[in-house]
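Please construct the entire structure, taking both the sequences and the accompanying hints into account.
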Amino acid sequence: MFIEDLRNDFYNVLLGNRVLLLVHYDVDAICTCKILQGLFKCDNISYTLVPVGGVSELKTAYEENNEEIKFVVLVNCGGTIDLVDILQPEEDVVFFVLDSHKPTDICNVYSDGQVRLVYKDTEENIPNFDDIFRDDDEEEEEPEGSGLEALEATVEKRRARRAWEERRHTLMFNYTQFSYYGKPSACVALNLAWLISRCGWPALWAASVAAASHVALHARAPAQCLLDTDTLHRHIAGGQHADATKITSCRVVLEKDVWLPLYRSWSVEAALRHSPAIGPHLKLHTLAGAARLRQLLADMGFPLQQARQAYRSMDVELRRCLLSALEAAAPKHKLPAPSRAAFILQRPHAPPRPAHDIVYAILGLIEHENMSKGEGFQHALASLDTEGVSDSARLGLEAAQRSLEAVTRLVNATLSGRRLHLAGPFSYFIVQEGTPEARFVRGPLWLGVAARWASSACGGTRPLLASAPVDDNNCLLLGVPPRFDQEPRNLFGAAFEQAARKSGASVSLELLDASVVTLPTAQRPQFLDALTALLA
Amino acid sequence: MSNYLSISDILVSNEKVPCKFLHDLPKMGFLDPSAADDDLKAGTNVEIPLWLAESLQSRRPPLVSVDLPKIYKDAYREILNADACTVDMHKLGQYFYELGCYVAKHDIKGEVAATLENTFKQRFRMLLSASVSTDTLSTMQPLSASERKRAAAAASSENALSAWLQRGDCPLTTANMVANHRKRKRAEMEMF
Amino acid sequence: MFAEKVIELLKEAERNPDTIDPFNDEKIRQILEEMHLLFKMNMNDANATNENKSLWTTVQVRHSALERNKRCLLAYLYDRMKKIKTLRWEFGSVLPPDVRELLSDEEYQWFSKYSTNLASYMRSLGQDIGYSGIDLTENLKPPKSLYIEVLCMADHGKLELEDGDVITLKRNSRHFLPTAECQTLIRQGVLKQIV
Chain A
38 MFIEDLRNDF
48 YNVLLGNRVL
58 LLVHYDVDAI
68 CTCKILQGLF
78 KCDNISYTLV
88 PVGGVSELKT
98 AYEENNEEIK
108 FVVLVNCGGT
118 IDLVDILQPE
128 EDVVFFVLDS
138 HKPTDICNVY
148 SDGQVRLVYK
158 DTEENIPNFD
168 DIFRDDDEEE
178 EEPEGSGLEA
188 LEATVEKRRA
198 RRAWEERRHT
208 LMFNYTQFSY
218 YGKPSACVAL
228 NLAWLISRCG
238 WPALWAASVA
248 AASHVALHAR
258 APAQCLLDTD
268 TLHRHIAGGQ
278 HADATKITSC
288 RVVLEKDVWL
298 PLYRSWSVEA
308 ALRHSPAIGP
318 HLKLHTLAGA
328 ARLRQLLADM
338 GFPLQQARQA
348 YRSMDVELRR
358 CLLSALEAAA
368 PKHKLPAPSR
378 AAFILQRPHA
388 PPRPAHDIVY
398 AILGLIEHEN
408 MSKGEGFQHA
418 LASLDTEGVS
428 DSARLGLEAA
438 QRSLEAVTRL
448 VNATLSGRRL
458 HLAGPFSYFI
468 VQEGTPEARF
478 VRGPLWLGVA
488 ARWASSACGG
498 TRPLLASAPV
508 DDNNCLLLGV
518 PPRFDQEPRN
528 LFGAAFEQAA
538 RKSGASVSLE
548 LLDASVVTLP
558 TAQRPQFLDA
568 LTALLA
Chain B
321 MSNYLSISDI
331 LVSNEKVPCK
341 FLHDLPKMGF
351 LDPSAADDDL
361 KAGTNVEIPL
371 WLAESLQSRR
381 PPLVSVDLPK
391 IYKDAYREIL
401 NADACTVDMH
411 KLGQYFYELG
421 CYVAKHDIKG
431 EVAATLENTF
441 KQRFRMLLSA
451 SVSTDTLSTM
461 QPLSASERKR
471 AAAAASSENA
481 LSAWLQRGDC
491 PLTTANMVAN
501 HRKRKRAEME
511 MF
Chain C
102 MFAEKVIELL
112 KEAERNPDTI
122 DPFNDEKIRQ
132 ILEEMHLLFK
142 MNMNDANATN
152 ENKSLWTTVQ
162 VRHSALERNK
172 RCLLAYLYDR
182 MKKIKTLRWE
192 FGSVLPPDVR
202 ELLSDEEYQW
212 FSKYSTNLAS
222 YMRSLGQDIG
232 YSGIDLTENL
242 KPPKSLYIEV
252 LCMADHGKLE
262 LEDGDVITLK
272 RNSRHFLPTA
282 ECQTLIRQGV
292 LKQIV
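Chains as they are written, first to last, in my numbering: chain A, 38 to 573; chain B, 321 to 512; chain C, 102 to 296.
Note that these hints are calculated values from the structure, not bench results. Heads up, some of the hints might be wrong.
Computed beta-carbon distance windows for the label pairs [claimed, not checked]:
no.	chain 1	residue 1	chain 2	residue 2	range
1	C	225	A	409	42 to 52 Å
2	B	487	C	236	24 to 34 Å
3	B	477	C	263	31 to 41 Å
4	B	487	C	262	25 to 35 Å
5	C	258	A	149	29 to 39 Å
6	B	481	A	260	48 to 58 Å
7	A	163	C	195	53 to 63 Å
8	C	202	A	469	27 to 37 Å
9	A	526	B	487	43 to 53 Å
10	B	487	A	149	45 to 55 Å
11	C	262	A	358	53 to 63 Å
12	B	412	A	471	52 to 62 Å
Some but not every residue of chain A turned toward chain C, in silico, with C-beta under 10 Å [to be verified]:
no.	residue
13	74
14	82
15	86
16	92
17	93
18	103
19	106
20	415
21	419
22	519
23	522
Listed next, the in silico SDA-like pairs over lysine to any residue satisfying Cα-Cα at most 25 Å (straight line) [what the hints assert, rightly or not]:
no.	chain 1	residue 1	chain 2	residue 2
24	C	293	B	462
25	B	390	B	368
26	C	245	C	263
27	C	271	A	105
28	B	411	B	361
29	B	503	A	428
30	C	242	B	500
Every residue, glycine too, gets a C-beta built ideally from N, C-alpha and C.
Written as C-alpha cells, this is what we have:
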C-alpha cells in the first residue's frame, strides 16, 4: 500500500521505536540514508544501519537483525522484489520501502499493510487490483442446474477466465518489461525533512548530490530530472535569502558550472579527457582524437601547458573564463552542451565543491579497488558531511580519479583494439581478467560508466552489453539501452530473465538493478547466444 | 625525597659512580673488574652503583668516599654552562638530572647544583618545541629520559586541547590498555 | 655483580607502561635464589666475624645488596598491582582469557578481591537515599548526549538492552543507541563512536 501522509503515517509511526535501516550501495541511497540519519538523531530514534548489496545480503541482514524489531525501513532496495515472500517476516513487522528502482513489485503495492511504499510515482502505470488478482474460490462452485445449460455456463466461465488471464498476462508483461528509475529517494526524504521543519543545509546538500547522481549516471531522462529537482531549487532559493548575511557556515548554491567531473582537483586537459559526457565525443581512441583535444583547447584559448597544470595552479584569468570558453568552443567540435546548472557547496575557508564531484567520489569509495564495500560505505557517509574535517571526501576524490582514468583507458583500448563485437541487434564487449583495469570495473556502477562511455563513443544508437570478471569464476553482465541519455528505460532486465530460462545458464538475478546480472564465466557465451536469439 | 617503590628512582640509583674505598673489603674483589685479588684493598678506585655507594657511605665510619662522575666534572660543566641545547643528553646520561641531584650532595664546591639548574633552564625551550613538533623521532632523540616523559605529556595535552577546540566535545574512545593489548596481540600474531 | 637480574625485571616493566606483561615467574625465582645465597654467605661471615673483624664490612655490602633486591622486587610487584587495578577499570570485571593468563594466580586472586571490594562499595553508594548503588566505572568522561552513533568493529554477537531489545553486533554495522548501553563496549574496543 502507498502512504499518503509522509509525516503522520511514516515518521510519527517510527517515533519512540527502534528501526532497522537497510541501505543499498548506491549514491542515492547513501544520500537518503544521511538525511534520515539526521532526522533520527534529532528525535532520538534508535536505529541499526546495515548496508546491503543484493537480495541475498538483504535476506541475511534481515535475519540477523530482526529480533525485537517492529519497523524496517528499506532504502533503494526491496521495492522490486516480493518482500513478504523472500524475507518471511512475522505478522507484526512493518516494512517501509523507499525505492527508486521501478517497476515496483505488485505484491508490495497491494500488500495489506505489512509493506508500505513511501512514495507514489505518478508515472508508473500500476495495473488495477482486479485485473491482477482474482478470487479463485468462485471457480470451485459447480453451477447448479442440469445438462446443457450447466455445461454452457461452465464453458462460458472458462472462456471468461482465459480471457482474463490473457489480459493479465499482457498487463504484467507491459508493466515489467522495462526497468527504470523513479524520483530520487533523497528528494522524498528531503520532502519529509521539510514537512517536519528539519530541512537544513546538510539535508539539502545530500539531496543535491542524489539529484546530481541521477543526472550523471543517466538514470532519468533530462526533463524528468529537472522536475525532480524543482522542490530542491525552491528550498535552496529560500535558504539563500535567509542566510544572506552569514558567511561562516556552508551553503548550497545553484550555479551554472562546467559539467566536467573533478576538474577542480585535476587539470583541465585531464578533466576533459576523462569526462564521461565529453570524452567519448572526442573519440580519443582514434589517432585523430588527441589532435582534436589539442584543437579544442586551442579554440578555447588555453595554452597546452596551462591546461596540463593542476587547476589550482592555473592562471587566474584562464580559470575565470573556462566556462565561457568551453561553451563557445563546444559546438564547433560537435560536443554536447558542456555547462549545466549545478549544485555547489560553498564552504568558508575552503574551495567550493560541486555535487557531481561528490557523486564520483562516492562511487569511487563504494567500489574501491582495495577497500571493502562496508568500509567504503562508512567513508561515503562521512564524505557527505558539510561541517567537520573528514578525510573521506579527499579519499573518494582520489579513488574517483583513478577509476575514471582506468575506465577511459579500458574503453579506448577496447575500441581501438576492435574488441567491441556486434551480435545481432546489440554490441558487446568483454573485459578480460588480468588487465589492470579489470579490478576497477568489478562493480556494477563503474562498469555502467564504462558501458555508457563505449556506447556514446559509437554513436549510441545500439544497445550495448558489457561484461567484466568479478572473481575467478563469475562475471558481471550489464546492459545499456540505446540513446540512454534521452530514454533510460532499460529492457535488459526482463530480457536477461527470459534468456536465462531459455539457455539454462545459472544466472543469478541477485543485484537489485535488474539490468545487471552475475553468471559463471563459462556459461557466458551460451547466454549471449540465447539473448541474441531472443532480441533478434 | 626518593620514592621507595618508584621504578624510575630504582633505575636512577643503578647508575655507576666512581668511589674510593677507605677500608679493606675481603671477598669483595669482584667489585673491581681490574683487580686480580679476591680481596679489595683500601684506597682502590672502583665504579659501583649509586645505591651501593650511598649505602656504604652512610655507615659510620664511612666505607667509601664518593667522587663526582665524569659528566659532572669541570670539563663537561663548562660545556653545559656554555650551551646546553647542543648536547645529546641521551648519550651523555639518560638520568642526568636525577643522578645529578644525588651526586650534588657529595659535591664539596656546590657547583653541580647550579649547573643542573642552568642546564634545565636552557633546555626548556627544546622541550617545548618537541611537544608541538610532528617529527618526534629527531626532536626526542637528544632528550634525557625524564625530559622525554615531560615532552610526551606536553604533546598529549596539546593534542587534547586542539581536539577539544576543534570539535567541542570528547568522543568516547577505547580504553588505553585495551587498545595497546590488542595492538600487541596483533603484532605477535603477525610474527608467527 | 649483585642485583642485576632485578634490574632486568624492572626494565622489562618500564618498557611497556601501557600493557601488562606475563608474570615473570622464572626470573623472580632466580632472584629469590640469589637472595638466599647472599643471606647464607652473610650468616657464615657474620659468625666468622668474631675472628676476623674486617669481614664485618663485607657483611654490610651483602646486606645492602639484599635490601636492594627486596626493594626492587617490591617495586615490581607494586607496579603490576597498579596495572591490574587499571585492568579492572578498563576491561570490566571479567577479564578476557588472554589477559587472564598474563597474571599469576595470586595476582588474579587480588584482582577478584579488588573487584568484590569495588562492587560492594559501588552498591553501598546512595543507599540512604534509596538508590541501589551507582556504577562508577561508567561515565568516566562527561556524557554529551543521550544517544550516540556507533560503528561495530568486530563480531560480538548479541547485545541485550535495558528495555529488552536485542541487537546483533556484526562488523561494519552502524547503530544509534543510548550512551549508557554503549560505554562499556566502546571502552572494550568492540564499538567505535562516530562523531
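How the hints compare with the structure:
1. C:225 x A:409: 42 to 52 Å: The hint (42 to 52 Å, Cβ to Cβ) holds, given that residue 225 of chain C and residue 409 of chain A are roughly 48 Å apart.
2. B:487 x C:236: 24 to 34 Å: 27 Å, holds
3. B:477 x C:263: 31 to 41 Å: Holds - the Cβ-Cβ distance for residue 477 of chain B and residue 263 of chain C, about 36 Å, lies within 31 to 41 Å.
4. B:487 x C:262: 25 to 35 Å: 27 Å, holds
5. C:258 x A:149: 29 to 39 Å: 36 Å Cβ-Cβ, so the 29 to 39 Å window holds.
6. B:481 x A:260: 48 to 58 Å: 55 Å, holds
7. A:163 x C:195: 53 to 63 Å: Given about 56 Å between the Cβ atoms, the range holds.
8. C:202 x A:469: 27 to 37 Å: 52 Å, violated
9. A:526 x B:487: 43 to 53 Å: The hint (43 to 53 Å, Cβ to Cβ) holds, given that residue 526 of chain A and residue 487 of chain B are roughly 47 Å apart.
10. B:487 x A:149: 45 to 55 Å: 48 Å, holds
11. C:262 x A:358: 53 to 63 Å: Roughly 60 Å apart at Cβ, these two residues keep to the hinted range, so it holds.
12. B:412 x A:471: 52 to 62 Å: With Cβ atoms ~59 Å apart, the hint holds.
13. 74: With Cβ-Cβ at 8 Å, under 10 Å, it holds.
14. 82: This interface hint holds because 7 Å falls under the 10 Å limit.
15. 86: 4 Å, holds
16. 92: It is violated, given that the least Cβ distance between residue 92 of chain A and chain C is near 18 Å, above 10 Å.
17. 93: 15 Å, violated
18. 103: 9 Å, holds
19. 106: With Cβ-Cβ at 8 Å, under 10 Å, it holds.
20. 415: 6 Å, holds
21. 419: 8 Å, holds
22. 519: Violated. Min distance 39 Å.
23. 522: Because about 36 Å separates residue 522 of chain A from the closest Cβ in chain C, which is outside the 10 Å limit, the hint is violated.
24. C:293 x B:462: 37 Å, violated
25. B:390 x B:368: 14 Å, holds
26. C:245 x C:263: Holds - the C-alpha atoms of residue 263 of chain C and residue 245 of chain C are around 20 Å apart, at most 25 Å.
27. C:271 x A:105: With a Cα-Cα distance of about 17 Å, the restraint between residue 271 of chain C and residue 105 of chain A holds, given a limit of 25 Å.
28. B:411 x B:361: Between residue 411 of chain B and residue 361 of chain B the Cα gap is close to 33 Å, so the pair fails against 25 Å, i.e. violated.
29. B:503 x A:428: Holds. Residue 503 of chain B to residue 428 of chain A sits at ~23 Å (cutoff 25 Å).
30. C:242 x B:500: 20 Å, holds
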